[in-house]
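Student: In case you want the letters, here they are:
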Amino acid sequence: MENYQSLNSVFHALADPTRRSVIARLGSGSASIKELAEPFGLGLPSFLKHIKVLESSGLIASEKVGRVRTCKLRRANLIAAQKWFDEQRAAWESRYDNLDNLLTSLKGEDES
Amino acid sequence: MKAELRFDFLVDEEKSTLTITREFAAKRQPVWDCHTKSELLDRWFAPKPLATKTKSMDFREGGHWHYAMIEPNGQEYWSRIDYQTIHPIDNYTLLDGFSDDTGALNPDLPRSRWKVTFSDLKAHTLVETIVSYKSPEALQQVIKMGMKEGLTSTLERLDELLLTLN
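Protein chains in written order, with the numbering used here: chain A, 1 to 112; chain B, 1001 to 1166.
Everything labelled a hint here was simulated from the structure, so no lab data went into it. Hints may contain errors.
Straight-line distance between alpha carbons at most 16 Å, and here's what the computed EDC-like set of lysine to aspartate or glutamate pairs gives [unchecked claim]: (1) Lys1115/B to Glu1128/B; (2) Lys107/A to Asp1033/B; (3) Lys1115/B to Asp1096/B; (4) Lys1048/B to Asp100/A.
Computed list of chain A residues with no C-beta within reach of chain B, every gap over 10 Å [unchecked claim]: (5) Leu26; (6) Gly41; (7) Gly43; (8) Ser46; (9) Phe47; (10) Lys49; (11) Ile51; (12) Val53; (13) Ser56; (14) Arg67; (15) Val68; (16) Arg69; (17) Thr70; (18) Lys72; (19) Arg95; (20) Asp97.
Quick caveat, the model's predicted, so the values are computed rather than measured. No residue lacks a Cβ here, since even glycine has one placed at the ideal position from N, Cα and C.
The following block holds chain A by itself, in its conformation from the complex:
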């Protein structure tokens, strides 16, 4: 059950545009909280709430070295969500291959 829970929190985390921007930014490398907060013009306390949601969803991890807290992406958890979409895509692909075959066989039936 824990596993289902973790994917739920991933989607909760991804449902917010600020948090998606943070994920996108971290995709190109680790960054400090200060660097991450800069583009948003949010107060640090509200920005930290977003960081907390992202951390508890397992999408990012943070580490404090000296006075600087650095965040990094945990890709495996993002991949889990992506995986579901990949499976959907594969299902549609297979379904439509069947339809190609059916349409081809219908043409044959018309001609015969």
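Based on these hints, arrange chain B on the given structure of chain A.
Tutor: Chain B only, in chain A's frame:
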């Protein structure tokens, strides 16, 4: 030849939609028929290796399609589609949902709305399906359901992956 047929699959997490666009090497009427007649749907709708079995279908606005997808081992997954609007041979909209074998909808699971649009692409036909969920939470719930029930065997691999994440 199939490799030349356009296929796009777009995910919009913000709007909670999937948009599937596919080209078919046939005219619009037969492609429309394949989507709207149960005897034809039974021949393609379930992805491999599952089979489709229609229990009842009434293709009109307010009508429904009650069908099962069946695994090779005989396990059945029932669904019910309720048609909302129909404009032959251009587009139709429906509500998709999980049901039991009597056609009673599972009230615990969200329904998705589909808009299926057919258009001409030279001698071919382009079909665009937009699958919309009410909210990211509804989408989450379906994802969770997929993992729990294992709608297709491929989803079991997702379970295995998730076990390695904690």
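Student: Of all the hints given earlier, name the ones this structure violates by number, lowest first.
Tutor: When the structure is compared with the hints, numbers 19 and 20 turn out to be violated.
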